[in-house]
Structures are given as structure tokens and as C-alpha cells.
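Input sequences plus hints: build the corresponding full structure.
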Amino acid sequence: DQQVKQNSPSLSVQEGRISILNCDYTNSMFDYFLWYKKYPAEGPTFLISISSIKDKNEDGRFTVFLNKSAKHLSLHIVPSQPGDSAVYFCAASLSGNTPLVFGKGTRLSVIA
Amino acid sequence: GAVVSQHPSRVICKSGTSVKIECRSLDFQATTMFWYRQFPKQSLMLMATSNEGSKATYEQGVEKDKFLINHASLTLSTLTVTSAHPEDSSFYICSARDRSVGTEAFFGQGTRLTVV
Numbered sequence: 001d002q003q004v005k006q007n008s009p010s011l012s013v014q015e016g017r018i019s020i021l022n023c024d025y026t027n028s029m030f031d032y033f034l035w036y037k038k039y040p041a042e043g044p045t046f047l048i049s050i051s052s053i054k055d056k057n058e059d060g061r062f063t064v065f066l067n068k069s070a071k072h073l074s075l076h077i078v079p080s081q082p083g084d085s086a087v088y089f090c091a092a093s094l095s096g097n098t099p100l101v102f103g104k105g106t107r108l109s110v111i112a
Numbered sequence: 001g002a003v004v005s006q007h008p009s010r011v012i013c014k015s016g017t018s019v020k021i022e023c024r025s026l027d028f029q030a031t032t033m034f035w036y037r038q039f040p041k042q043s044l045m046l047m048a049t050s051n052e053g054s055k056a057t058y059e060q061g062v063e064k065d066k067f068l069i070n071h072a073s074l075t076l077s078t079l080t081v082t083s084a085h086p087e088d089s090s091f092y093i094c095s096a097r098d099r100s101v102g103t104e105a106f107f108g109q110g111t112r113l114t115v116v
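These protein sequence lines are chains P and F, in that order.
The first sequence runs 1 to 112 under the working numbering.
The second sequence runs 1 to 116 under the working numbering.
Take the hints with a grain of salt, since some may be wrong.
[To be verified] DSS-like cross-link-like pairs, simulated, lysine-lysine; straight-line CA separation at most 30 Å:
1. Lys14/F with Lys68/P
2. Lys41/F with Lys68/P
3. Lys38/P with Lys66/F
4. Lys104/P with Lys55/F
5. Lys20/F with Lys56/P
[Unchecked claim] Here's a subset of chain P near chain F, in silico, CB distances under 10 Å, partners left out:
6. Ser49
7. Ile53
8. Lys68
9. Ala70
10. Asn97
11. Thr98
Treat the hints as calculated values from the structure; they're not laboratory data.
Idealized CB from N, CA, C, for every residue including glycine.
See the structure below:
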């Protein structure tokens, strides 16, 4: 049973437009949500996070939105750049020093 | 930000041999580290939680005798794949969380293991 779901395996967006990556979760006990970017044969790189007490967090071109009632979060990248092309993983965390639970990832391709 | 270093990045070994992968937290102490495995085009699957000074906690379906984890110090955890077989070929990644910095986990560079 997957606790974190990314239902879109891939997404293509034109350079300069907005990229929206979605993530759903089932465990209402999660209190922290994170987005990671991953290139092939490399470890994930942390992008942005949001606490469950917030509904929006912004960092430059990246904004994460959290809808707790819908158990849904999304990552917005605007404007999208070719260098953003990678696999994006959504992850969720319980309180304490617990492992992150990852979605299956969404491959973003930004076309010039 | 915190840095986690993983070594080696790539290893090819013969079937039946053992391979050791090291994971180090370079600028913080990690009482807990996590080992993940990623199959092609799939998510990161947690294999085990490595606890400094005590036994690792393995996820269901992960053979503890095959994947030996040792967390001898606050900055080093090792994963040894024993008697490796071709089906063990995968991408292994470690991570650690520096609770003094934030809640995000920092990942090593990953190790591509190929068993021939």
C-alpha cells in the first residue's frame, strides 16, 4: 500500500511555462513534506519542503502548496528551464528521526 | 548545508563475492542513517535503518544476512552486500538527517552495483 503517490510518471513542459507536479498521500500523521530532484546515477537533491502547519512555501522559482484536507501537495516551477529536466520525488515524513517515504517520481522534461 | 558522502560511486563485482559501501556524514553527527535501493524507473525503497551502536532495523523482505549494516560511529555507516548475485545489481543510496539543521534528509551520491 503506497502512502505517497505520484500518479503522473512523466510531464513535458515548454521552456518558460509553468511546471506543476502533483503528489497525494494517505497517512494523515505525516507532518512534513519534501520535494527532491534526481538525475540518473546520482543521489536525490533536496529542493523545497513544507510543514503540515503551512499551506504554501516559496523559494525562488519553486513553490510548494499543501492541501491537508485533500491530502495533496504540488510543486510549481515557474518559469521552467531546460536544466529542470530530471525526476522529481515527493516525500513525506513523520515526526522524529524516521525515514522519508517516497513517491514513485515524475520525470519532468522541459523543452527548449 | 549538511553533506553525506557515499563511496564507491560505482562497483562491478563477480557473483559470489562481497561488496562494502560506505556512507559518511561529513559535517554533522548522524545517530541514524537510512539505506535505500532504487530499481530502474522505480522509487527509492527503504531497505533498513542503521542505528549507531545498535543493530539495524530491516524492512520487510530485506534479508539481514545478505545486507549487513554496521553503524560503528556517529559519522559512518556501512552496507555490505554478501555473496552478491546478479539480481543484487541496483543503485544503492544512503541518507541521514541532521536534526539540528532541519527536517530534510541529505543523500549520498549513490552506488551503482553491477554483479557479473
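Hint-by-hint comparison with the structure:
no. : hint                  : in the structure
1   : Lys14/F with Lys68/P  : violated (49 Å)
2   : Lys41/F with Lys68/P  : holds (28 Å)
3   : Lys38/P with Lys66/F  : holds (27 Å)
4   : Lys104/P with Lys55/F : holds (29 Å)
5   : Lys20/F with Lys56/P  : violated (42 Å)
6   : Ser49                 : holds (6 Å)
7   : Ile53                 : violated (12 Å)
8   : Lys68                 : violated (17 Å)
9   : Ala70                 : violated (22 Å)
10  : Asn97                 : holds (5 Å)
11  : Thr98                 : holds (8 Å)
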